[in-house]
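S.K.: Spelled out from the first residue to the last, the chains are:
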Amino acid sequence: MSNQPKSNRKLGLGLASIVVGMFGFGFAMVPLYGLFCDITGINRAGGTGRVAVSDVTMLGVDHDRKVRVDFDSTLNAGLNWEVTPQTTTLEVHPGKVYDVSYRVRNNSDHAVVAQAIPSITPWQATEHFNKTECFCFEQQTLQPGESADLGLRFVLSRTLPEKYNTVTLSYTFMDTNRDKMIRNAVSAR
Amino acid sequence: MSTEAIHADHDHHHAPSGIGRWLFSTNHKDIGTMYLIFSLVMLFLGGASAMMLRAELFTPGLQILDPDTYNNLLTNHALIMVFGVVMPAAAGMANWMIPMMIGAPDMALPRLNNLSFWILPFAAIMLIISMIAPYFPGGGTPINTGWTLYPPLSVQVGMGMDFAIFTVHLLGISSILAAINIITTIVNMRAPGMTYFKLPLFVWSWLLTALLLIMIMPVLAGGVTMLLFDRHFGTAFFDAAGGGDPVLFQHLFWFFGHPEVYVLLLPSIGILGMVVPTFSRKPLFAYKPLVYSMMMLTALGMVVWAHHQYTVGMSEAVTTYFMIGTILISIPVGYMLFSFIFTMWRGAMTFETPMLFAVAIVLMFSFAGVTGVMLAVVPADLQYHDTYFVVAHFHYALIPGSLFGIYAGVFYWLPKWTGHMYNETHGKIFFWWTTISFNLTFFVQHFSGLAGMPRRIVDYSPIFAEFNMISSIGAFSFGASHLLFLYIIIKTVKGGEKASDKPWEGAQVGTPGLEWTLPSPPPFHSFTTPPAIK
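Those protein sequence lines, which keep their order, are chains A and B.
Residue 1 is where the first sequence starts when you use UniProt numbering, and the numbers rise one by one after that.
Residue 1 is where the second sequence starts when you use UniProt numbering, and the numbers rise one by one after that.
Since the hints were made in silico from the structure, they are not lab data.
Bear in mind that the values here come from a model prediction, so they are computed numbers and not experimental data.
Ideal Cβ positions, reconstructed from N, Cα and C, are used throughout, including at glycine.
Keep in mind that the hints are not guaranteed to be accurate.
What the hints assert, rightly or not - Among chain B residues calculated to face chain A with C-beta under 7 Å, some are:
no.	residue
1	ILE37
2	ALA108
3	ILE173
4	ILE180
5	ILE183
6	VAL187
7	ASN188
8	ALA191
9	PRO218
10	VAL219
11	GLY222
12	ALA241
13	LEU248
14	VAL362
15	LEU363
Please work from the sequences and hints to get the whole structure.
M.R.: Written out as structure tokens, the structure reads:
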């Protein structure tokens with residue numbers, strides 16, 4: 001019993017190291033969580049890169065099947081733009097190439113560089129939604145009061161499972177000046 | 001049973017007096033008392049905020065609170081009740097009872113014990129500042145996020161949030177220190193012969209609770225630290241525009257938040273494990289499996305957190321996993337309840353106030369279990385999510401599951417703590433008053449929730465008017481019943497019938513019962529020589 005205070009201290013410190021470890025675990029979750037989502041394909045933010053038209057049209061057009069595509073947009077906090085999808089909904093045949101556009105206008109009094117981040121619902125359709133041209137591939141600069149039509153050319157792949165009849169493509173427009181991190185996030189796409 | 005009578009004259013050496021006795025206390029009983037008093041004060045603060053919420057909801061429309069103030073009070077009600085009432089009360093009981101139950105002279109790390117208590121009052125002051133700061137110039141908007149503190153809203157609200165974040169840090173440090181102390185005490189300070197499977201259930205429940213606390217509190221601390229960085233240092237942990245993810249906070253929060261439910265529940269299960277055998281005069285039914293089921297609950301509780309986030313857009317496979325895991329939890333919990341029922345079965349039962357609470361808990365907590373399984377089912381939860389059904393569910397889980405368990409413990413151990421018996425008639429009046437008004441308050445909320453009334457709103461559709469009026473009347477009565485509780489406690493502390501060493505006839509059934517070998521109230525130092533275990 002004489003060495004009890006010492007073993008108390010030892011056990012106490014051992015438990016404290018669990019506490020420190022769990023605090024670190026919380027922070028380790030920041031990269032691990034993103035990694036986990038990437039590996040499992042959950043929560044992939046519609047990051048389909050540019051594909052060539054020939055890659056996705058070689059299977060031909062499925063004229064018997066129609067899929068409804070809805071277009072949507074959101075402004076992230078702090079961006080004084082007006083964004084309107086020129087086409088809000090479209091019936092498409094998988095395998096066929098379509099063009100749509102978004103009308104944007106800078107309502108602020110200074111030039112703004114913005115980046116659009118796509119998101120597709122249901123997320124399972126993401127890998128079947130192919131863009132051959134998209135304004136979301138690069139940053140968009142608008143002078144004060146300037147407006148522009150931003151184009152998007154896409155093909156819905158014939159591999160889209162039969163159970164999905166409606167796909168929603170939503171863009172969130174963000175101001176890139178927020179800080180450097182957005183540039184990193186964007187260049188990763 | 002051995003009777004090394006510990007004489008009161010043992011504590012003639014340095015039994016401190018005056019304010020120093022409390023400020024610099026390293027005595028587990030004094031610190032336990034301070035925890036319990038702190039918790040009682042916070043109970044009335046948290047209760048007062050709940051009364052204001054129910055007064056606002058008495059009729060549809062805006063009467064006494066503006067929406068931001070309403071949500072501010074709502075956030076504070078939850079934070080006070082969870083961190084200020086239930087956790088300190090359970091910690092106070094642990095301080096008081098664990099050394100006496102395991103035959104130790106005191107807690108293993110007494111100075112740490114002093115620190116972990118004295119952080120609390122400052123955390124409480126910080127929490128109160130977080131609530132009133134927004135009403136001063138430059139304070140920004142009140143904390144209108146609810147206790148979950150989800151970003152992006154929590155990044156945008158005023159400086160009250162910074163105080164709330166520091167409150168969470170302080171409370172986290174306090175409970176981590178207490179948890180380390182309790183584990184060390186239980187592992188190192190047991191009297192010779194007090195093996196793990198002789199430990200009273202209350203000690204087991206606290207061993208597991210403390211393990212949970214050191215696993216989860218640091219994760220919450222990490223989460224709110226990131227929130228603080230997002231608010232002030234330009235990081236973007238939870239800001240999508242900076243490459244972060246607001247859903248990450250939800251995962252961090254609920255990784256803490258779900259096991260936290262068991263942190264609140266387990267000490268009360270431990271108290272039930274003492275109270276039910278005492279008043280059934282039978283040993284606890286299937287003690288060992290009950291301990292195993294508590295371990296299973298602890299382990300499962302760590303890995304089912306995302307059932308709070310079914311609606312954030314997780315994949316089917318992930319939600320299915322969390323659904324099955326959550327439903328599995330009903331097995332150990334159901335086991336515990338059956339164990340208590342079988343302890344009562346054919347026992348020579350009497351219904352003193354602690355036992356009345358115990359029986360009521362088994363009934364009402366089962367009800368929360370049933371609604372819990374309903375909420376665990378993904379397609380159903382998509383309907384119930386963020387409605388009053390959830391409010392009803394977790395109040396049924398937390399009020400009977402933890403608060404009433406603590407009341408049972410208070411009535412059970414009050415004679416031991418004070419040396420006086422409480423007035424049994426008053427105790428019974430309090431029991432009936434508080435349980436009936438509790439059910440009146442929360443039962444109807446199941447109906448308004450199923451009918452679609454969302455939670456965390458200051459105003460609601462007139463179709464829910466009747467339910468809310470009943471609920472508010474119940475709540476006022478529930479609140480008022482606690483004045484009687486306060487009266488009973490003060491009266492018992494001041495005097496009353498002298499309690500014997502073992503005030504309950506069946507108190508020692510099936511456990512070593514060391515705490516009952518000490519006089520009531522126990523001497524300043526409990527066991528100076530280790531007691532022998534039968």
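S.K.: If a hint holds in the structure, say so; if it doesn't, say that too.
M.R.: For each hint, the structure was consulted:
Look at B:ILE37: its Cβ only gets to about 26 Å from chain A, farther than 7 Å, so that hint breaks. Checking B:ALA108 against chain A by beta carbon gives a least distance of about 4 Å; that is within 7 Å, so the hint holds. For B:ILE173, the interface hint is violated, since its Cβ never comes within 7 Å of a Cβ in chain A; the closest pair sits about 9 Å apart. Interface hint status for B:ILE180: upheld, as the beta-carbon distance to the closest one in chain A is roughly 4 Å, under 7 Å.
With a least beta-carbon distance of about 6 Å to chain A, the hint placing B:ILE183 at the interface is held under the 7 Å criterion. Interface restraint check: B:VAL187 against chain A, minimum CB-CB distance 6 Å, threshold 7 Å, status holds. Taking 7 Å as the C-beta contact cut-off toward chain A, the hint placing B:ASN188 at the interface holds, the least distance being around 5 Å. Annotation: interface hint on B:ALA191 violated; nearest CB of chain A at approximately 11 Å, more than 7 Å.
Nearest Cβ of chain A to the Cβ of B:PRO218: about 4 Å, under the 7 Å cut. The hint holds. With a least beta-carbon distance of about 4 Å to chain A, the hint placing B:VAL219 at the interface is held under the 7 Å criterion. Taken as an interface hint, B:GLY222 checks out: its beta carbon lies about 3 Å from the nearest beta carbon of chain A, inside 7 Å. Proximity of B:ALA241 to chain A holds as hinted, the smallest CB-CB distance being about 4 Å (cut-off 7 Å).
A least Cβ separation of about 5 Å between B:LEU248 and chain A falls short of the 7 Å threshold, and the interface hint therefore holds. Restraint check, B:VAL362 versus chain A: the minimum CB separation of about 33 Å is more than 7 Å; hint violated. Given hint, B:LEU363 at the interface with chain A, is violated; its Cβ is 36 Å from that chain's nearest Cβ, farther than 7 Å.
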